[in-house]
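**Student:** As a plain string of letters, each chain reads:
There are 2 protein chains.
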Amino acid sequence: MQFQLTDDFIENLQHLIEQNDAEQVKSILEDVHFADIAEIIDDLNLEEAIFIIKLLDSETTSEALMELDEDQRDRVLGALSPQEIADELEEMDTDDAADILNDLSDERAQEIISAMADEEHVENIVDLLRYDENSAGGLMAKELVKVNENWTVTGCVSEMRAQAENVTRVHSIYVVDNNQKLKGRLSLKDLLTSAENTPIKEVYIPKVDYVTVNTSGEEVARIMRKYDLEAIPVVDELDRLVGRVTIDDIVDFITEEAEKDYQLASGISQDVEANDSIWELTRARLPWLVLGLFGGIGAAFIMGLFEPLMAQHAILFLFTPLIAAMAGNVGVQSSAIIVQGIANDDLKGSISNRLIKEVLLAMLNGLILGILLFAYTYFSKGDLLVSVAISTALFVVIIVAGLIGTSVPIILHKRGIDPALATGPFITTSNDICGILIYFMLAKAIIGI
Amino acid sequence: MQFQLTDDFIENLQHLIEQNDAEQVKSILEDVHFADIAEIIDDLNLEEAIFIIKLLDSETTSEALMELDEDQRDRVLGALSPQEIADELEEMDTDDAADILNDLSDERAQEIISAMADEEHVENIVDLLRYDENSAGGLMAKELVKVNENWTVTGCVSEMRAQAENVTRVHSIYVVDNNQKLKGRLSLKDLLTSAENTPIKEVYIPKVDYVTVNTSGEEVARIMRKYDLEAIPVVDELDRLVGRVTIDDIVDFITEEAEKDYQLASGISQDVEANDSIWELTRARLPWLVLGLFGGIGAAFIMGLFEPLMAQHAILFLFTPLIAAMAGNVGVQSSAIIVQGIANDDLKGSISNRLIKEVLLAMLNGLILGILLFAYTYFSKGDLLVSVAISTALFVVIIVAGLIGTSVPIILHKRGIDPALATGPFITTSNDICGILIYFMLAKAIIGI
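From first to last, the protein sequence lines stand for chains A and B. The first sequence begins at 49 in this note's numbering and counts up one residue at a time. The second sequence begins at 49 in this note's numbering and counts up one residue at a time.
One or more hints might be untrue.
A pair holds if it fits inside one copy or across any two, identical chains being indistinguishable in the list.
Here are the simulated BS3-like pairs of lysine-lysine, each with C-alpha atoms no more than 27 Å apart in a straight line [to be verified]:
#: 1; residue 1: 274; residue 2: 308
#: 2; residue 1: 229; residue 2: 405
#: 3; residue 1: 429; residue 2: 255
#: 4; residue 1: 308; residue 2: 462
#: 5; residue 1: 429; residue 2: 492
#: 6; residue 1: 229; residue 2: 429
Hints were generated in silico from the structure; no laboratory data involved.
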């Protein structure tokens, strides 16, 4: 059923573009969905992409532009004139147009704005530009269907028809008073089932979930997910209805946030994908590796301090990678659970309760793992004191790693820093060093040199 | 605007429940949204929760049940009789009811099914039970609005009104032929803007995205996200319309998948949350730690083989944690990018191209990091040969780790295993061992003992 993008299709298309066969290109792309057009353009070089963009009508290309891979979109926009971009923006929903302008330089954005003809549309877009991208104001679109509480159902229908022309999808019909203040909503289901001469005042649902322009994106996503909403109205500081956020934007937002968290947990510091250039991937990965390198040098420095101990008990050194790895693993596990708890807003109870629980959990894990390690070292090496030292150190290191893993994301979150930063290389590296330090100090104390 | 759940509210509620003050409890919960009722019930003990479930009408509690924390829901369902559960299921959408029954034992599910009165509803639910939970059939609900292509708009409206009563949200009106085969859709917008006496055949949109009952959940999510759909019809093997998947279920699905991947990357093997019991958390975390322990023992074993080398160049041992940590970090970085590429279905090009790119990337990173490490070791320790050995080993280890990190998820995916399993402890542990082995072998070769 869906369009299947094949290598043959792309090759054929490239061939046609090379021959400048506009007619033929147009005909094979005619019935293709804009999301598929975007995938096709992602696979073309810049020149070919521009050929397609200029060839197809801007109703299709404006939608396709929004679905393009970000890097490809930047290249395409860079190759279009302000007037050409303005034509695309005229066809876009206000929120998409604002997103495009937000990514451009102020100067270029100004040129494009000046080149746009539809004044109301431009005003709406410019209005959206002033909101933070990660707020309801930044996520909302101006397109919506609203009716005045003083109208009747009959009176509304024609007005709504006109408004619906500009709105891709009608979710709810919002009801406002004479001052544009949000009063409630009218569901399409109600419209299907209520008589035409009923006054709006009598049929609208006064309970309506809404957010303000300053509500954070995460909070909007949380509310829409919790209450299974497909659109939520946005009001300004004076409770006036100024826009709505739709679920498709929230789906994208949730996906992007999840990817960002996953990447941070994996030691990738900015949004990259597998198809990005080696240079982009290096910029995202190298900083964490340098951090890891410094951590490793720190660990080497600490171990150097214990060389006299090693001279007598070389076996101790064999287990440093084990201790470091376990410290890292436990730290990442406990921070990941806290990061998700924070993201889902379901962390209950105080920090101290949380830490006590983690200590109990770490003690249970540490005890089991410590016994396993003791069994291995004692039966393979036969040195009781050293075996006690190594397994006791593992036990203590697991508890400390759990405490660090639990507290760091909580502390970061309290200071307004994304707690996901705490997972991955940051926790691994600091726990490596802590773990090794604890290991050698404990071993020294137990063996008594 | 939203309901704010406070400790005071819960305490007051618990007090009222203790006093058996049903009237008062009912009145303070009257206007509370079912999603908030669920949050309240999550905070109560089982006895209090059951009090609320039995007190409120099942229209509210059936919805709240679906929003409960899974553990609490299992407890609540365990405390209700088959008849009581049947009453809840009567009020639920078919997909939710099927999800509940899927989690119960066959015997108990059978008891509940026998206790349900609405035969059509039961048939629909039982029908859903035969699909895999992670397929369009498992995600879909039977509730939808459909019209026959042979009707007229006028003829449809009353029929649709009747159907709409059973459907929480009308997204699209699906058009079928006399054999129930999906022909197309009718948008509500079209309904608003077209004359009442038009035949359906002339106004419906024949192009409609759909999936079959066997389409995987990931694929349904990808299609709905790509085409910004809010509902998608599901057809059976004979192209007959049998259900629809709505975006709210997909939002939950996406969120759960993202959480699962994040947890796998963090070394947590089953779905847990911060509020779960220590025992549940241990079961999710301990297996990966045991894997890490065995990895560490393996590393110790390998290092033991090189004790003669250590006796002469103790400094080499100081850098094993660094080598192991870098191997782990690089491995996780490269596998995470591949895992995301697979999840987003945007991995382009062949495996060998992918590996060549990773090698180039790893060489660039390895060169920079190797030079940094050489500078440190040479200027702090003054031993040229050892410094060359350590930094060369780092360079090689980074390349190998990148290759392992890239290929493992691709191989897992090709074999139908979730590639996210590859990230986290699995990659870290295997790369630790490989890294240490390469390190000592190279050092031995370079230093020449």
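**Student:** With 27 Å as the alpha-carbon cut-off, assign the pair residue 274 and residue 308 to within, between, both or neither.
**Tutor:** Cα proximity of residue 274 and residue 308: in one copy and across copies (22 Å, 19 Å).
**Student:** 27 Å Cα cut-off: does residue 229 pair with residue 405 within a copy, between copies, both or neither?
**Tutor:** neither (48 Å within a copy, 56 Å between copies)
**Student:** Within a copy, between copies, both or neither: which one fits residue 429 and residue 492 at a CA-CA cutoff of 27 Å?
**Tutor:** both (18 Å within a copy, 25 Å between copies)
**Student:** Checking residue 429 and residue 255: alpha-carbon separation at most 27 Å within a copy, between copies, both or neither?
**Tutor:** So residue 429 and residue 255 fail the 27 Å test inside a copy (72 Å) and across (72 Å) alike.
**Student:** At most 27 Å between C-alpha atoms: does residue 308 with residue 462 qualify within a copy, between copies, both, or neither?
**Tutor:** Classified as both: same-chain Cα gap 20 Å, cross-chain 25 Å, threshold 27 Å.
**Student:** As a check of your reading, is residue 229 near residue 429 (CA-CA no more than 27 Å) within one copy, between copies, both or neither?
**Tutor:** neither (78 Å within a copy, 73 Å between copies)
Of the numbered hints given earlier, the model fails hints 2, 3 and 6; all others are met.
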